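Residue numbers (this note's numbering), protein chains in the order written: chain A, -6 to 109; chain B, 4 to 115.
Keep in mind that the hints were calculated from the coordinates and are not lab data.
These figures come from a predicted structure and were not determined experimentally.
C-beta: ideal position from N, C-alpha, C; glycine also.
The reader is advised that the hints may include incorrect statements.
So the derived label-pair ranges between C-beta atoms look like this [unchecked claim]: (1) B:Gln17 / A:Lys48: 22 to 32 Å; (2) A:Cys6 / B:Ser72: 31 to 41 Å; (3) A:Ala65 / B:Gln5: 18 to 28 Å; (4) B:Leu114 / A:Pro33: 44 to 54 Å; (5) A:Lys48 / B:Ala44: 26 to 36 Å; (6) B:Phe49 / A:Pro79: 26 to 36 Å; (7) A:Ser107 / B:Asn70: 17 to 27 Å; (8) A:Ile5 / B:Leu114: 28 to 38 Å.
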Amino acid sequence: GAVVSQHPSWVICKSGTSVKIECRSLDFQATTMFWYRQFPKQSLMLMATSNEGSKATYEQGVEKDKFLINHASLTLSTLTVTSAHPEDSSFYICSARATGADQPQHFGDGTRLSIL
Amino acid sequence: DQQVKQNSPSLSVQEGRISILNCDYTNSMFDYFLWYKKYPAEGPTFLISISSIKDKNEDGRFTVFLNKSAKHLSLHIVPSQPGDSAVYFCAASARYGQNFVFGPGTRLSVLP
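Given only the sequences and the hints, what does the whole structure look like? Please build it.
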């Protein structure tokens, strides 16, 4: 149980385009979803936390107009990287947490984003 | 300022022996901890958790120990298997809090 699907797994696109990444909880309802970014040989950096039906809470230093997050349902959250530039190239990972205290986060397999 | 530290970036262990991965934290508000395992190009996989009301939690080959006074936790894997080779992250959260803070990870290599 507790499967989180993230799509696409790898995307290459030109500078200036926008890219949407989907995160779905397949067998549970995720009240809260998280978006992380991982730089090479570094830990996961939390970008934002989203609760279903409300605006995402962004971590300090993360541009909310650049990284648009939508958590429209209890099973789907999307991250859109707008007007992507080469410095946005990274590994993006989502996680989802079911309702209830002390629930662990379950992670998707990540999206490798390469901006040319 | 790293609130969660994993001071060993890498660890090599012989198959069948015990692997001990360590994690230290600085925020005394943290009282719920998790360990994740991550293979390259995949998302982290939840392994085991522990809350501050316990000092030990065991699940099969994995045991997590928590020393609150020292702000230290460790993950023991015994016996270690080659398939355990991965990066292990510890994460900490304040109870009922939303966000987990992750350590930088320790790369475990289990040698056959």
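Satisfaction of the hinted span 26 to 36 Å by the C-beta atoms belonging to phenylalanine 49 of chain B and proline 79 of chain A: holds, 33 Å
Range hint compliance [Cβ, serine 107 of chain A to asparagine 70 of chain B, 17 to 27 Å]: Distance hint for serine 107 of chain A, asparagine 70 of chain B is violated at roughly 42 Å.
Distance restraint hint 31 to 41 Å, applied to the beta-carbon atoms of cysteine 6 of chain A and serine 72 of chain B: For cysteine 6 of chain A and serine 72 of chain B the Cβ distance comes to about 51 Å; the hint is violated.
CB-CB spacing for lysine 48 of chain A and glutamine 17 of chain B relative to the 22 to 32 Å hint: violated, 51 Å
Whether the CB-CB distance between leucine 114 of chain B and proline 33 of chain A falls inside 44 to 54 Å: Check failed, 24 Å falls outside 44 to 54 Å.
Satisfaction of the hinted span 28 to 38 Å by the C-beta atoms belonging to isoleucine 5 of chain A and leucine 114 of chain B: holds, 36 Å
C-beta pair lysine 48 of chain A, alanine 44 of chain B: status relative to the range 26 to 36 Å that was hinted: Once the Cβ atoms are compared, 31 Å apart, the range 26 to 36 Å for alanine 44 of chain B and lysine 48 of chain A holds.
Distance restraint evaluation - alanine 65 of chain A, glutamine 5 of chain B, Cβ atoms, bounds 18 to 28 Å: violated, 34 Å
Violated hints, in rising order: 1, 2, 3, 4 and 7; the structure is consistent with all others.
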